[in-house]
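**Q** Take a look at the letters that make up each chain.
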Amino acid sequence: MYNYILRRLLIVIPVMIGVSAVVFFLIRSIPGDPALILLGEHSNPEALAKVRAQLGLDKPIIIQFFYFLFNMARGDFGRSFITNEVVIKEISIHFPATLELTLFSMLIGSVVGLFLGVTASTHRNSIIDYITTTISVAGISMPVFWLGLIVIILFSIRLPIFPISGRLDPTISFKGPTGLIVLDSIIRGNFKVFKDAFYHLVLPSFCLGTIPLASIARMTRSSMLEILNQDFIRTAKAKGLPNRKVIYVHALRNALIPVVTVIGLQFGALLGGAVLTETIFAWPGIGRLSVEAINARDYPVIQGCIIFFAFIFVFINLIVDILYAFIDPRIRYE
Amino acid sequence: MKRFLVGLVVILMLATSVAFGADTPKYGGTLIFGRGGDAVGLDPADVTDGESTRVTEMIFEGLVGFKGETTDIVPVLATSWNISKDGKVWTFKLRKGVKFHDGTPFNAEAVKFSFDRQFDKNNPYYKFGKWEYAEFALDALQKVEVVDDYTVRFTLKYPFSPFLANLAMFSCAIVSPTAVKKYEADFFKNPVGTGPFKFVEWTQKDKIVLEANQDYWGGRPYLDKLIFRVIPDNSVRWLELQKGTIDAMDGINPDDIPAIKQDPNVTFYQVPALNICYLAMNVEKKPFDNVYVRKAINYAINKKAIVDAFYKGIGIVAKNPIPPNMMGYNDKIADYEYNPEKAKELLARAGYPNGFETTLWAPPIPRVYIPQPTKVAEAIQSDLAKVGIKAKIVTYDWGTYLQKTRSGEHDMAILGWGSDNGDPDNTIYVLLDKDNAKKGVASNIAFYKNDKLHDILIKAQQVSSIPARKRLYEAAQEIIKADAPWVTLAHTSYIAATRKYVKDFVLPAIGAIKFTRVWLDK
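Protein chains in written order, with the working numbering: chain G, -5 to 328; chain L, 429 to 950.
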């Protein structure tokens, strides 16, 4: 098992190098000169030449690539063209916001999704099945910028329960060790900040949660339907086990493998940042960071973000694979 | 009777105190300003965008500044200055007893340091910035010398009157040398100046917190705290203002303006901005080398209809390259009116009785001076079709668009400009002089070259008398109108809204909103 994990972790290295090369050349093939975008209408030739030289863009592209690889090997992704901030710092500032939002969205999406999926499968072709299917289809198809405004108007304006946007009341100054405000406020024992941060999380998590919710519910339903027709379920029922136990222990556990895969994929995707949700709810996450970097052709930040996303994806896939073994003991990694 | 008199006195006192209460500024409180984007950095000399400079202008100050809503130059950290006869040596007397927020005294050394790090390649701190604006603002500058503690001397390479306006720009702000030396490349997130507000904290893409500088030389600001909050979506930001969770905002959807004007809890502000949106005709390409064709296009476009439809109350039709509130604006000029018949006539005279085919380039993204570029381009396209000109709309991503128009690949292109320093030189010379019509790097994308205009514009850079400069720019606008290298489309306004209790909030014509005198009546 440990050997397996080690081997899987080693595979990360060539993946990272491959991703780096692809990203490096791909973003440079998009039209648009970063120096010109930086200076806009007001640029003049001397200023452009100077800025290009300072950003290292005056050197041949292949030389730039080797500099980039060499620095990356030392863990140095450079500084942002635009803000001059160290790229790793930029990511470490924005990622906790996205992680916090993702964890809550996945919690909502998984719990509700599993419940809806199971309910739909046990009431197949009934009105309950149709309702849950409708909910999950709606979850996938509703645009977040629309849903976001609707929930804000309903739950922040009409019923003023939750704040409209942001992560924390702007007049509160709070910094913690992890950057996950909810967790940090518990560590520091600051109940006021905990409550405020939690309230700020509800609406964006709900909106973002609808996306994984839909896929999880659909996958759970189809996977459950397959399992519920198998012999061992009939045996369990025949033994006189309570229905709830048959469904949630015997059936669900066996139906979980594809569901866990979906959860893993969704989790990885959300960690890449949800630009629309982050924009509507003024959430200072990594989705906005990366999209703004692409618009500004901020090469170091784009490279840093994409390599970071690739790493996260590989890492989550590894976790999912390990989880398989816990869910289904027949799966062993040798 | 006595009771009556006492009662009267009490009533009078109450009445005056109420009136007094409404007019007398109060200290205290926090103002939260909602805006669409975050600052890029907080080093005033190393940023170019308005979201950064509106924060740096609260933390830092220059030797001179812009007065309120105007482009008039007033002393700030300098108290007076004189210019040598040849216009090349500028000597500034500095304000005494001013300290930076970190306690460093403000003096001539600090002034010299603030400029040297931007343009002297041998300065050890030159390598920590890109100094995007130095090429523009300090192009004329040869050296800065310390005469004594409170006197500093600027020597220019050539006489250049707009230099004073350049010194009022955000990039010429004076920075604490101690802080720059301490933070080096990280000064952009640890800004230290002399301004009315001190930097407290910055949570990127979320908020920047400033607090009142109690020791400010001009008297402490009324607000205790000033918070800039990033709320990217315009509709959400407006909801926050309605709910009162922010106190002021800009970046208003034009569609929301009627609702904002009606809201009893909100005040709406509008001021003409110093910008221009224009359609440049590439005079180096046929048929735009023919002045009749250029005039025909001017007559063919219904500018008023375009401004009414796509600027939604924030635009006015432009007849000159500079806006009406800028020094030297020539109001006597008659614009080409909308007259398709006359346009056809001129086209026939130019030898194109059946029109011609051409391209019309439009910016891919909204800019301050053009909120709906595609719609405007389509309207121009249909106006031109009515006089027989078939224009195909062309667009690229923003960077490429700038690059290609500078290289003169277009026939006609829509572009705009926001003034950097409020001086007409920065608009007319930059956009219409032959010096700036070099292919590949042109800011004059009509590639329009007129020697007589050039002489006028150079002279206007050299004389320092304001009335003389005004006359020169008025003459320049006449030449430009007659040669018609552009269709001057629109100037826009800058709009903002605050809660009713926000008092003495003034939108400036140029530069950042000054929160120094803003107070909260609540």
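Bear in mind the hints are in silico, worked out from the structure with no lab data behind them.
Incorrect hints may appear among the rest.
[Said to hold, decoys possible] Capping the alpha-carbon separation at 27 Å, the derived lysine-lysine pairs in DSS-like fashion look like this:
1. L:Lys713 / L:Lys689
2. L:Lys740 / L:Lys803
3. G:Lys53 / L:Lys862
4. G:Lys169 / L:Lys617
5. G:Lys44 / L:Lys862
6. L:Lys610 / G:Lys83
7. G:Lys83 / L:Lys770
8. L:Lys740 / L:Lys671
9. L:Lys671 / G:Lys44
10. G:Lys53 / L:Lys803
**Q** Against each hint, give a clear statement of whether it holds in the structure.
**A** Evaluated hints:
1. In summary, the hint linking lysine 713 of chain L to lysine 689 of chain L is not supported, as the alpha carbons are separated by about 47 Å, beyond the 27 Å threshold.
2. Of the pairs offered as hints, the one joining lysine 740 of chain L and lysine 803 of chain L holds, with about 13 Å between alpha carbons and a cut-off of 27 Å not exceeded.
3. A distance of roughly 32 Å separates the Cα atoms of lysine 53 of chain G and lysine 862 of chain L; the hinted pair therefore is violated under the 27 Å criterion.
4. Between the alpha carbons of lysine 169 of chain G and lysine 617 of chain L the distance comes to roughly 16 Å, so the proposed pair stays at or under 27 Å and holds.
5. Taking the CA atoms of lysine 44 of chain G and lysine 862 of chain L, the gap is near 23 Å; set against the 27 Å cutoff, the hint holds.
6. A distance of roughly 19 Å separates the Cα atoms of lysine 610 of chain L and lysine 83 of chain G; the hinted pair therefore holds under the 27 Å criterion.
7. For the hint pairing lysine 83 of chain G with lysine 770 of chain L, the CA-to-CA distance comes to about 62 Å; that exceeds 27 Å, so the pair is violated.
8. For the suggested pair lysine 740 of chain L and lysine 671 of chain L, the alpha carbons sit about 25 Å apart, so the restraint of at most 27 Å is met.
9. For the hint pairing lysine 671 of chain L with lysine 44 of chain G, the CA-to-CA distance comes to about 47 Å; that exceeds 27 Å, so the pair is violated.
10. Restraint check: the Cα-Cα separation between lysine 53 of chain G and lysine 803 of chain L comes to about 40 Å, which exceeds 27 Å; the hinted pair is violated.
Hint compliance for this structure: hints 1, 3, 7, 9 and 10 are not met, and every other hint is.
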